[in-house]
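Participant: Starting from the known structure of chain A, fit chains B, C and D onto it as the hints suggest.
Chains as they are written, first to last, in the working numbering: chain A, 4 to 467; chain B, 4 to 467; chain C, 4 to 467; chain D, 4 to 467.
It should be emphasised that the hints constitute simulated quantities derived from the structure, not laboratory data. One thing to keep in mind: the hints can contain errors.
Claimed, not checked - Covered stretches of chain B, going by a simulated chain A footprint (3 or more residues, C-beta under 8 Å):
#1 36 to 45
#2 412 to 419
Stated by the list, open to error - List of simulated lysine-lysine pairs, DSSO-like, C-alpha gap at most 30 Å:
#3 D/LYS358 x B/LYS304
#4 B/LYS51 x A/LYS6
#5 A/LYS228 x B/LYS51
#6 B/LYS228 x A/LYS52
#7 C/LYS350 x A/LYS355
#8 C/LYS6 x C/LYS81
#9 B/LYS355 x D/LYS334
#10 D/LYS334 x B/LYS350
#11 C/LYS51 x D/LYS13
#12 D/LYS358 x B/LYS171
By construction, the Cβ of each residue, glycine as well, lies at the ideal position given by its N, Cα and C atoms.
Number of protein chains: 4
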Amino acid sequence: MIKNEDFIVKNLGERTHPSPLPLSHSNDDLVSNFTNDDERFLHEISLKKVSQIISGTPAENACWSDLITFEAAGPREKLFFDPEKIKCGIVTCGGLCPGINSVIRGIVMELYYRYSCRAIYGFRYGYLGMVKESGIDPVLLTPDTVEDIHNTGGTFLGSSRGHQDVNKMVDRLMNFGISVLFCIGGDGTLRAAHLIAEEILNRGLTISVIAVPKTIDNDINFVEKTFGFETAFSIAVNSIQSAHTEARDSLNGIGIVRLMGRESGYIAANAALASQDVNYVLVPEIPFELEGPHGLYSILKTRLERRRHAVIVVAEGAGQHFFGSEAERGKDSSGNTKLGDIGIFLKDNIAKYFKSINFKANIKYIDPSYIIRSAPPIPSDSIFCTQLAQNAVHAAMAGKTDMLVGIWNYHFTHVPIATATRERKLINPESNLWLSVIEATGQPAYIGNDPIFLSKTRIMGQKD
Amino acid sequence: MIKNEDFIVKNLGERTHPSPLPLSHSNDDLVSNFTNDDERFLHEISLKKVSQIISGTPAENACWSDLITFEAAGPREKLFFDPEKIKCGIVTCGGLCPGINSVIRGIVMELYYRYSCRAIYGFRYGYLGMVKESGIDPVLLTPDTVEDIHNTGGTFLGSSRGHQDVNKMVDRLMNFGISVLFCIGGDGTLRAAHLIAEEILNRGLTISVIAVPKTIDNDINFVEKTFGFETAFSIAVNSIQSAHTEARDSLNGIGIVRLMGRESGYIAANAALASQDVNYVLVPEIPFELEGPHGLYSILKTRLERRRHAVIVVAEGAGQHFFGSEAERGKDSSGNTKLGDIGIFLKDNIAKYFKSINFKANIKYIDPSYIIRSAPPIPSDSIFCTQLAQNAVHAAMAGKTDMLVGIWNYHFTHVPIATATRERKLINPESNLWLSVIEATGQPAYIGNDPIFLSKTRIMGQKD
Amino acid sequence: MIKNEDFIVKNLGERTHPSPLPLSHSNDDLVSNFTNDDERFLHEISLKKVSQIISGTPAENACWSDLITFEAAGPREKLFFDPEKIKCGIVTCGGLCPGINSVIRGIVMELYYRYSCRAIYGFRYGYLGMVKESGIDPVLLTPDTVEDIHNTGGTFLGSSRGHQDVNKMVDRLMNFGISVLFCIGGDGTLRAAHLIAEEILNRGLTISVIAVPKTIDNDINFVEKTFGFETAFSIAVNSIQSAHTEARDSLNGIGIVRLMGRESGYIAANAALASQDVNYVLVPEIPFELEGPHGLYSILKTRLERRRHAVIVVAEGAGQHFFGSEAERGKDSSGNTKLGDIGIFLKDNIAKYFKSINFKANIKYIDPSYIIRSAPPIPSDSIFCTQLAQNAVHAAMAGKTDMLVGIWNYHFTHVPIATATRERKLINPESNLWLSVIEATGQPAYIGNDPIFLSKTRIMGQKD
Amino acid sequence: MIKNEDFIVKNLGERTHPSPLPLSHSNDDLVSNFTNDDERFLHEISLKKVSQIISGTPAENACWSDLITFEAAGPREKLFFDPEKIKCGIVTCGGLCPGINSVIRGIVMELYYRYSCRAIYGFRYGYLGMVKESGIDPVLLTPDTVEDIHNTGGTFLGSSRGHQDVNKMVDRLMNFGISVLFCIGGDGTLRAAHLIAEEILNRGLTISVIAVPKTIDNDINFVEKTFGFETAFSIAVNSIQSAHTEARDSLNGIGIVRLMGRESGYIAANAALASQDVNYVLVPEIPFELEGPHGLYSILKTRLERRRHAVIVVAEGAGQHFFGSEAERGKDSSGNTKLGDIGIFLKDNIAKYFKSINFKANIKYIDPSYIIRSAPPIPSDSIFCTQLAQNAVHAAMAGKTDMLVGIWNYHFTHVPIATATRERKLINPESNLWLSVIEATGQPAYIGNDPIFLSKTRIMGQKD
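Isolated chain A, as found in the complex (with noise of 0.2 Å):
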């Protein structure tokens, strides 16, 4: 159970050094104004549940602090660092998304031109840099080097998966005398930043340690939205109109299309209802079974007969029983568990069903997954980036650590990286989100067999 002193951000000690920015508190002035730690937000805007909360406990405060809140982002009046004596470095971990780049610029950007902030380090390939007996030295960033790098996908400073000591990485920390770190990655990161956090205040440090959520996914707990997801599924949508073309024009032809989404069906979900054009979306979420009379090869079966094509979108950790439990899968060299390919998985398998009915069908599988992962971000994206980017600046000048840059509402936010990787966000079933989706597509609440589930799905009216 979450409770809200689960978002109280660690601070590395007292302010004492005035902000460089020209801010003000006053509201007529055409300045901005500085933002003050209590400012939270609501994490429920419900009324009825924000009412409930509070009118069920007795005394005020605690009515009050049983709401969820998060600490507002934005630049502090007074520093934890004098940006201008300190160094900073940034590391870039696991696998490519769109975006990267824009948070390396904005960050770098932001502490030079606002802080005046000059040493600041890129180390490179990941926390495999960040180990001194990786032989890879960090690269020296300024505007210069980082100008031109928001256009193009990738990682200016090169990533790599998989862990690294700790101890050896605090040490490099200080070997360099790095007094913040920008980590920008998944939750394999989040998780190692939140160790090189603990590990640096049990040594006595005062290094602050800042995280900008990086997962394609968009599964982060408590962030309503990370950057690149809005590229991945924009750009997935041609995946999808391209299986859509293929399959329309080939008699009973299957177009499916394998999206990531490896706990969550966000970027499936999306692409589906923006290109209107699936019958099927497959998610981690929903269970679903492929034979009996209310599995997909039969309702995919019905619908060529009706339609003479068909879509499918799976997202890559969409019905994993397939492969057997957890266990039997492994983990691979991030520590996530091993997906089986459900792609190819299906591919396959409907195409055997197919054959052993004696029904022709032609099946078309796209993998976009590459080609989505190493695109340059869409505007909107490198909007969010930059702003990500200027908030993991204001916070870490502040003193801020232990904590990711998020967004909930539109309103930047500070959480503590545990919490938001104690779980994953996911889709849930009963949703807005999945209900479009079930609209759009006009595929079943439920694609199975259960007799329960199945009396409380009603096939809702199918779309052509």
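Facilitator: For chains B, C and D alone, kept in the frame of chain A given last:
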């Protein structure tokens, strides 16, 4: 002063028909739930402000009712109309905007497949086609006719600007036996829709008028985002890149891009932020001067001397004081005050200035207006349009009227048209958005010579 | 040995109908001229080769007839058919290719508006729809039905692979009273079209069979360029950029992109040239080895040690000797020899190699096949498709048959199908095109260990 | 009258240095061959015309020499320069055009990696940077500095318009010890390059001047295609689609798109052909009238009455007779006759016309000029640029001078600058290209009232 009662949505009457949607009230059946009318969302999510409002009043009822809240959009369990028996009409008015076709398609698909409404008429060429005298007949809309329209820009129904007689329009609705009118349009369209709804009530009719606000400028009050806006600033980025390339590659090159934004500079601000190549953003909300030591000419010259090129983005409504008072400028056919062409004005006057000081500058001017307006929506806008359409249909079937479908903090809402059109949504010069713009461009917070503002807005550290 | 008589195009008979096109024979009236049948274009444009051929033979007639020439395409003044009275059929076969819809549209528009032919049938799903037993009826095509199809990929008529009975297809043409059949398809389709044309002549019928060659691989002999090819390599560049980004941003990253090209590597060569980010291009025309000191493994390892990343582009038909003889590989439904999947093969074997030498490499594999095939044409291809279609109609109306519309040195030509399909067009390893590839990639002219080739192909100066 | 002697390319002197390129003279060694100076390509490929020319003269030598032929581009076995010891310069002049950076990059890469030339200077801001008095120093170009420039539009070196003193430019070449100057520019640039080459010869210097023609209008004589042109018309298609959408979706909407084309309408013609949405294309080569029963106003009105919308594409140099004589219009800084703005002229006058007849028309005007000029090249242009650059370097190293690299019938050629600039390449109104335009648009071959032309150009069957 806006009060919570301004957010009460009108209903045509008692709801007696069961919804054909197979939804539930339970949270564990894989089936989405119906939305109740008392589901409301907070306007304000700052904990400090919320608690101030609530604590500031003695009686519990009173305090809660001081909080501004929006009625939640979504499918209702009981309907006012029997959807299979009614006729619906759709009309699209005003200038083009990316996504209109997706909204039309979404309304038709939702009416047809989810509510089994089969009589859907599209009025052609805006309100003009709603007046019998135009001689323009409506077209019957079916899933087949709208299936592929979302992939193209513009409006399948055609559009027009200008006012029509409200009585004649209501006459025609009666003649055709229309029970629901969906109006897709901007400020002027919404005001007319409000008048139509009032005339309907005056006549004692039960015709629902539901609006989907269409303003590429994103300037509807109490609506976080309007459809087409994200597409607009995304495409505008291309023109900025062109202007940047042209400016950079000639000696003392100045690229000027005029973007949409009659009263609100959101497109200019976001496009500039996304491109990172802009040096000055001029918006209607913030006045600026050309002459004098701190005017635009002077800071532009300084920039050219230092960097040899500059890029200016100007919203069409910026700097209107250069063209005389509103009275002097008159009104256009949509009833908006005519705007002087600030783009051409700047291009000509900046050229004159540099000629007058014998400084050879190369000015390149880009006005991508129609290229942006006529584009199809980007994927995130496609999704948004579809969801707006679905919620518009839900609202209509429930017998809501004189309202628009909006969004606030990611939740779809119902907003009375009169409330939303009372004034425009503007960029707050002290908001985080504008701060990001200033940080990204390096432009002064104030471009002018007024000593009071100058003293308040110390020039922020410039970017190169 | 190809002789000039192989380029004589068959005619159905005497031309007695005047063309409805308002063209002229004069050069100063702003009106284009009709084309005569004796207008022919030189195959060879090298002065040296042309003069050798002509001078090499004694009799003047003989020498000119030794020059291979193509019959010029274009509108004829007299027609064999009376266009208002005949029925035409269109069929599209084989895999998708950008531009099919533009060709269909172009044929329909030209027939309808220029020749006033009103009975135009589209056979559906390839040759399958030309066999009565399929139960698939043709559709009537009009300007209205095809007006917007050029903006989408795929084929409006559907397609299929595989052979159908030639007699049954001719039967169906007779049943429908078709006078002209337009066949849009690749090598297999063209061979079948030739058989259809022969069967028609055997039966003493006067049905014209005109082909528009559709091969994304650009491998039709005596045809400089096929439609869709430019689009194909243009889109392939995106996948190469993705592979480059993925490779560059991980330590020892290897990006592998598999592109189309069963027997000819034109797409791979051109995409690599356009991207400038490729290090090795492997095509069917040039054998290569994996093992040994000069094999691919070895030079790849050297490159990684020097530059940390590499990009390989491989045409699907390259390296087929790794999969056994043609006999061992068998045939697919279109009658082509089955291809081993060289992309997956390289990916797996390169991974094995680096594992075996304990060298940590990161391999990213991209196969954009369907994304490319299903795309709409780029503008230059749109134009090309339209002009091919116009010339196909001109040829048909003149009573030409058993021929395809090609292009040579920018001039549209008529080529007998049997001549064009005798063998495939291949990249000449000593051509300027391949020289440009080698210069742009820096790859050795020969990747293998044969000492004779090694001595001839001194390694060209490498690029970084 | 052009004669074959006009196509003889100047050489600086005897070639004594062996080429470092590892090419051969044999056809079966996987290695490309060197090109000999006597390799020439025919200008004319019509068999009839070629045989007429040859047969028309008595002496065999004479008859061959009457055939116009181009010297083949390509690597020579012996070089005039020792590439490791010389310095090269590159200059880019005039307006932006897609692909300039690819040409710069291609020259640098070829010089550096293939010829081991290490001293490559880029003169900045066009010919201005070649004059000492400008105070602008050249930059040293290496593979590192140009590696990624091909992915962005514009010119890495900057550009300028206008004349500079030829003597001063040659002085500067001498001061820097430049042996080869690569000039990338349009008509004016080429004329200046010719003057530079002549001054060099006058001074007895051995500096090679090699041009790569850059004209987005594609109007260089004896050059089939210039770089950037395909990109230009490809991007222009987007603006036409916008104009079409805007026109179609308002009542009596007229979309006007102004495109580049000072004297030649190739961009307008090709963009119109590719889009298929244009009704009237106006180009400089074909005069037209506005008034009268067969003028533009009248046929436009008829079209609106029939179809409710129309799209006009106008090349910037069309209809210049509306603005007075060339003398009256004067010259711009590049020495070209100033053009009246035909786009604005048409927009204003068409509006006036319809107002005068009380016909409510909606005119939307798009001028995408800088958006097109500043774009990066499409892939086919990238390849073309690279190959032009490679051949420019081959020519320079062989000691050719006062020539440009062109292409004719897909073969790269050398053309003396004076010959290529003698007159512009224009669209022949009776060519297949223009016939395709007329067929695709359905516009009359002649828009005007001259009875002689009217009688010759019976109106071709119109398209809807």
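Participant: Look at each hint and say if it fits the structure.
Facilitator: Results for each hint:
1. 36 to 45: Since three or more residues must qualify, the claim that chain A covers the stretch 36 to 45 of chain B holds, with 6 doing so at under 8 Å.
2. 412 to 419: holds (count 4)
3. D/LYS358 x B/LYS304: With a Cα-Cα distance of about 43 Å, the restraint between D/LYS358 and B/LYS304 is violated, given a limit of 30 Å.
4. B/LYS51 x A/LYS6: holds (19 Å)
5. A/LYS228 x B/LYS51: Holds: A/LYS228 and B/LYS51 sit about 24 Å apart, inside 30 Å.
6. B/LYS228 x A/LYS52: holds (25 Å)
7. C/LYS350 x A/LYS355: Holds: C/LYS350 and A/LYS355 sit about 26 Å apart, inside 30 Å.
8. C/LYS6 x C/LYS81: holds (29 Å)
9. B/LYS355 x D/LYS334: holds (20 Å)
10. D/LYS334 x B/LYS350: holds (22 Å)
11. C/LYS51 x D/LYS13: Satisfied, since the Cα-Cα distance of roughly 21 Å is no more than 30 Å.
12. D/LYS358 x B/LYS171: holds (27 Å)
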